[in-house]
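Asker: Sequence:
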Amino acid sequence: MQKHKNELLFYMDDSGSRDPDRKPDLQNKEPDWFALGGLIVDVTQKAAVEDRIDNFRAKWDQVGEAPLRSYNIRNRNGGFGWLGGLTKEIQNEFYGDLTQLIIESPIVVLACVVHRPGYNARYLAQYGQRRWSLCKTAFNIAVERAAKFALHHEARMRVFVERSDIKTESRMKSYFDDMRSKGLPFNESNSAKYRPLTNVQLKSALLEFGVRTKSSKLMQLADLVLWPACRGGYDTNDRNYKALKDNHKLLDMLCTEENGLQGIKYSCFPTA
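As numbered in the numbering used here, residues 115 to 386 make up the sequence shown, in order.
Since the hints were made in silico from the structure, they are not lab data. Quick reminder that beta carbons are idealized off the backbone N, C-alpha and C, glycines included.
Calculated lysine-lysine pairs in the DSSO-like style (CA-CA distance at most 27 Å, straight line):
hint: 1; residue 1: K356; residue 2: K160
hint: 2; residue 1: K331; residue 2: K173
hint: 3; residue 1: K356; residue 2: K328
With beta-carbon atoms standing in for the labels, derived distance ranges:
hint: 4; residue 1: Y185; residue 2: D279; range: 14 to 22 Å
hint: 5; residue 1: N373; residue 2: G199; range: 43 to 51 Å
hint: 6; residue 1: I280; residue 2: N313; range: 25 to 33 Å
Take these sequences, add in the hints, and give me the full structure.
Answerer: As structure tokens, then:
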């Protein structure tokens, strides 16, 4: 892989259904969202982060080859069913070590989280079945904000999404290519307040689109940070979200009026 003088990597996982018409699960008490996002890391720091993950796995050898998946860890199932058999004290030690892994890694957390009920309330009457997939909205917003971060650091960025299916991967690749050739697809007057990048700027910042499987250590870390990033849109006192915020892992903590950077986007939320 050819390296540029300054190069950043954006690992993006997804959370929730892309379908705006998905019927809510009445048994699920979690908020109804779709999100794309994860972490940005300098290419020169990638190996250091991977070493931290290896050290975590070495201490907790019960993990074995299981991917670090937020869902399985939170629910103590799948490759992490063994967590349920530990004492509360040892469970807390595991979760504490996992938090330390995240907050001590040289990463920046960024995402776009779309509140599905708010999205439909805003666009269903106007656009009906012509509404975009939530993936299109989230991808364009998250990647454009990542591109601003790259340009601020005079860097170029490679964007990696998690392996899914050919149709979804092709769709996201088309979003990426369109950003570089045409710019953002949003209404210009509505989006002007966000000072969007032009297609020329996006082409300068965005170097490559790629796909990574869950075996990627950085993609696993992206999975771990995306969940609390989503939760923060509904509860800023969420413990894991507060850990990211208090330890300056969120891109939000780097944003000023002068630098024009933008952090996590909570789209179509009740207060958005």
